[in-house]
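K.L.:
Each chain, letter by letter, is given below.
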Amino acid sequence: MSLRLRLLLMIGVSLILLWSAVAIWMLHELRGEMRLTLDQRLVMSARMVGELMSQNPAAWDGQRAKVGALALSLPPAQKGLACEIRSLRGEVLARTPSALPEAAEAPAPGFAEREIKGERWRTYTYEAHGLRITTADRMAERNTLLRDVMVAAAVPFVVALIGGLIVLWLGVRSGLAPVERLRRALASRAPDALTPIHALPMPRELQPLVATLNQLLERMSAIIGRERRFTSDAAHELRTPLTAIKTHLQVARITRGKDAEIALDYAEEGAARLQHTLAQLLTLSQVEGPFSWDDGHAAHAEEIARLAMRDAAHDAPGRIVFDRDGDSAELVLPQALAVTALRNLLDNALRHSPVESAVTLELRCSNDAACFRVRDRGPGLSAADLALVTNRFWRRGSGRGSGLGLSIVRAITERFGGSFELAQRPEGGLEAKLMLPRAKRA
Amino acid sequence: MRVLLVEDDELIAHGIMAGLRARGLTVDGVATAAQAEAALSGVSCDVVILDLGLPDEDGMSLLRRLRSDGMALPVLVLTARDAIEDRVAGLRAGADDYLLKPFDLNELVARLHALLRRAAGRSVDVIEHGPLRLNPESGEVFLHGQPLVLSRRESALLAALLHACGRILSADQLKDSLYDFNEEIESNAINVHIHHLRRKLGAGIIETVRGVGYRIGTAGA
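Chains as they are written, first to last, in the working numbering: chain S, 1 to 442; chain C, 1 to 221.
Since the hints were made in silico from the structure, they are not lab data. All C-beta atoms in this analysis are idealised placements derived from N, C-alpha and C, irrespective of residue type, glycine included. Careful: at least some of the hints might be erroneous.
[Claimed, not checked] Computed from the model, here is a short list of chain S residues facing chain C with C-beta under 8 angstroms: (1) Arg239; (2) Leu242; (3) Thr243; (4) Lys246; (5) His248; (6) Gln250; (7) Val251; (8) Ile254; (9) Thr255; (10) Gly257; (11) Asp259; (12) Tyr266; (13) Gln286; (14) Pro290; (15) His352; (16) Pro354.
[Unchecked claim] Pair ranges (Cβ atoms, derived): (17) Pro55(C) - Asp323(S): 32 to 42 angstroms; (18) Ile84(C) - Ser188(S): 19 to 29 angstroms; (19) Gly42(C) - Leu388(S): 28 to 38 angstroms; (20) Leu388(S) - Asp82(C): 18 to 28 angstroms; (21) Ser123(C) - Ala211(S): 58 to 68 angstroms; (22) Glu288(S) - Ile84(C): 26 to 36 angstroms.
Given only the sequences and the hints, what does the whole structure look like? Please build it.
P.N.:
Pasting the structure below:
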C-alpha cells in the first residue's frame, strides 16, 4: 500500500469516525432539547390560558350559561398549537376551531400522547380555577420541525467534513510530493546507472536519505570501476600468453622442420607464462578472499628464508647471499604464504639486477616481528614508479613477470598485519623490507 | 604485401611474424612506438598491425598522431581488451580494423588482405588483368583460366605490380614489398624474379621503364 493511501485512510477514517460520533451525540442532545422546549411551550401556553381565564371569571361564567365553545373566539390555528378549555365536569367551554378534534373523554392532567381521528397529538392538560385546559401539538408537525432543525444542523457539518477530507487529500498529496519526485527520479533511472541523484529540491527529512544514497552510489561506482578494471586487466594478462600459444601452434601447423619446432618451443614458453600468471592470480584472490589459510605448518623465519631462496634461485644458484643473526622466530602466518611473499621479492631482485651481481637477503628477528630485507644492485625505481609498484598488473616497461608479485606481497602483509616497503638504496639498487609479525608465545 | 608489425610482446611478435611469413607476406617487426615511427618514415609498407599496449606510448595515441601527420596506410589494431569502449576508441583513433587477442592466424591474414583490397579500391579479392587472374591471399595465379605455379616471391612481386595499377615502381620499392629489412638481398634478386615472371607469363607482362623502374604490362603476349 502506498504511503499516500495509508496516510489518507488513517487520517480520513479517524476524521470521519470522530466527526460522526460528535454529530450523533450533538443531534441526540438537540433532539432532547427540542422535545423539552416544545413540551414547555405546551405547558406555558396552558398556564397562560388558565391565567387569562381566571382574571375574567365573568367572561366564562356568562358564556357557560349560553352558547358554547364557539362563542369564545380563540384564534384559529391550523398549524401549531391547539387549545381546549373544559370545565372540570367535562363540558367543552372553548377550543381552537377544528384544530383539536373533539375527544370523547377529557384527558387526565399532565402530558399524554393521544390519537384522535387518525392524527397523533401531544397534549398537556392543566387544571386550575375549576377549568381543565388542554394544549396540544400535532406529532407530525413536531417531527417535521425536529427534522428541519436536525437537517439545518447536519448540512454544514457534512459540508465541513467533506471539505476537511478534500483538504486532507490535497495536503497529503503536496506533503508527499518530494517523495513522489524521488520515486520518479529513481524509477526513471537505468537499472545499472551509478550517477548520483541530484537537482531535486528535497525537504530536510529526505536530505539525509538522498545524501546516503548518493554516497552509496559513489562507493559502488568506485568499487565496480575497480573490479571492472581488474577484470579487464586480468583478461589482458591471460589473453596475451594465450595469443602467443595459439599463434605459435598455428605456425607450427603450417610450417615444417626447424621452424615448426621453434614455434612449438615458443608455444610452450607461452604456456609456462600463462601458468605463472594463473597461479599468481589464484594466490592473490585467495589471499584477498575470505579463505582460511591454516596449512598446519608452523612458519619459522629461517626456514621460510631457505625455502624462498631455494624456489627463487632455481635458475641462478648461488646469486643470493643469506645474512642472518642467530635467533629464529615462529611467525603468525602460514608457511606457504610467507614463502610466497619472500620469493616474490627475491624473484624481482634477481630479475631486475645484472645476472652476475649478487642479491642479499638479510633476516633479523626482534621481539614481535621478523624483518626480511632483500637488496639488489639493479637500476632501482623512480619515485613515481615506487608509488605504482604494488598496483595489480603494473610492470616496468615490457618487463616479464605477471605484474602481480608485489600486489601479492602487499595483500599478504595486509592480511596478517605485517608491513612491506620498497626504497631506493643510496648506493644504487633497491631494498625491499618485509616485516612479518611473530606468533604469540603460549 | 609488406606488413609492419608493432607489438611489444616478443613471444607474440615472433609468432605473428613467423605465421605471416609462412603465408607469403613480408613482415617487419618493431616493439615500441618510437621504432614504429622510424620504420614508417623509412620503408614503404602496405599495412600496419598495431598492438595497443606499447611500453613507451599508448598505441591509441600513437595512431592518433600518425593519422594527424597524414599517415594513410590501413591499420589493423590488435588488443587483448574487449570492452566496447576500447574498440570504439580504437576505431575513432583511426584504426581500419580491429582484432581481439587471441585471434586466428587465417583470420588475421584474411583481414590484412581485405584491408589492402579496400585501400586499393577493389571490392572483390581477386585481381584481374586481361587474361591474368591473381588471388593475393592464396597467391594463386591463373592465365586464361589455367593455374600457374609461381614462387612466393614471384607472386608477391606480381601482386605489388598489379596493386600499383599501372604506376611505375622503382626497383627499391619492389624490394621493399618483397623483403623485410633483416633479409639479405642479392643485388640482382628483383631482376631474377622479373625474368622468371616474363618466362611464365609472357615477355610483355612487365614493362621496363628505363632509369625509373617497372610497371605492369599485358599478360599472355
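K.L.:
It remains to establish, for every hint, whether it holds in the given structure.
P.N.:
Evaluation of the provided hints:
1. For Arg239(S), the interface hint holds, since its Cβ comes within 8 angstroms of a Cβ in chain C; the closest pair sits about 4 angstroms apart.
2. Hint on Leu242(S) holds. Least Cβ distance to chain C is approximately 5 angstroms, under the 8 angstroms limit.
3. Restraint check, Thr243(S) versus chain C: the minimum CB separation of about 4 angstroms is within 8 angstroms; hint holds.
4. The interface hint given for Lys246(S) is met, as the beta carbon of that residue sits about 4 angstroms from the closest beta carbon of chain C, less than 8 angstroms.
5. Among the interface hints, the one on His248(S) holds; its C-beta lies about 4 angstroms from the nearest C-beta in chain C, closer than the 8 angstroms criterion.
6. Because the closest C-beta pair between Gln250(S) and chain C is about 4 angstroms apart, less than 8 angstroms, the hint holds.
7. For Val251(S), the suggested interface contact is upheld, since its CB lies about 4 angstroms from the closest CB of chain C, less than 8 angstroms.
8. Because the closest C-beta pair between Ile254(S) and chain C is about 5 angstroms apart, less than 8 angstroms, the hint holds.
9. Checking Thr255(S) against chain C by beta carbon gives a least distance of about 5 angstroms; that is within 8 angstroms, so the hint holds.
10. The interface hint given for Gly257(S) is violated, since its Cβ lies 12 angstroms from the closest Cβ of chain C, which is over the 8 angstroms cut-off.
11. Hint status for Asp259(S) relative to chain C: holds, with the closest Cβ pair at about 7 angstroms, below 8 angstroms.
12. For Tyr266(S), the interface hint holds, the least distance from its beta-carbon to any beta-carbon of chain C being 6 angstroms, beneath 8 angstroms.
13. With its C-beta approaching chain C no nearer than about 24 angstroms, Gln286(S) sits outside the 8 angstroms limit, and its interface hint is violated.
14. Annotation: Pro290(S) was flagged as interfacial toward chain C, and the flag is violated, the nearest CB pair being 28 angstroms apart, outside 8 angstroms.
15. With its C-beta approaching chain C no nearer than about 15 angstroms, His352(S) sits outside the 8 angstroms limit, and its interface hint is violated.
16. Given hint, Pro354(S) at the interface with chain C, is violated; its Cβ is 20 angstroms from that chain's nearest Cβ, farther than 8 angstroms.
17. Pro55(C) and Asp323(S) have their C-beta atoms about 35 angstroms apart, which keeps the hinted 32 to 42 angstroms range intact.
18. The hinted range of 19 to 29 angstroms is satisfied by Ile84(C) and Ser188(S), whose Cβ atoms lie roughly 24 angstroms apart.
19. For Gly42(C) and Leu388(S), the Cβ-Cβ distance of about 34 angstroms falls inside the hinted range of 28 to 38 angstroms, so the restraint holds.
20. The hinted range of 18 to 28 angstroms is satisfied by Leu388(S) and Asp82(C), whose Cβ atoms lie roughly 24 angstroms apart.
21. Taking the beta carbon of each, Ser123(C) and Ala211(S) are about 60 angstroms apart, inside 58 to 68 angstroms as hinted.
22. The beta-carbon spacing between Glu288(S) and Ile84(C), approximately 28 angstroms, falls within the hinted interval of 26 to 36 angstroms.
Violation of the numbered hints given earlier is confined to hints 10, 13, 14, 15 and 16; the remaining hints are satisfied by the structure.
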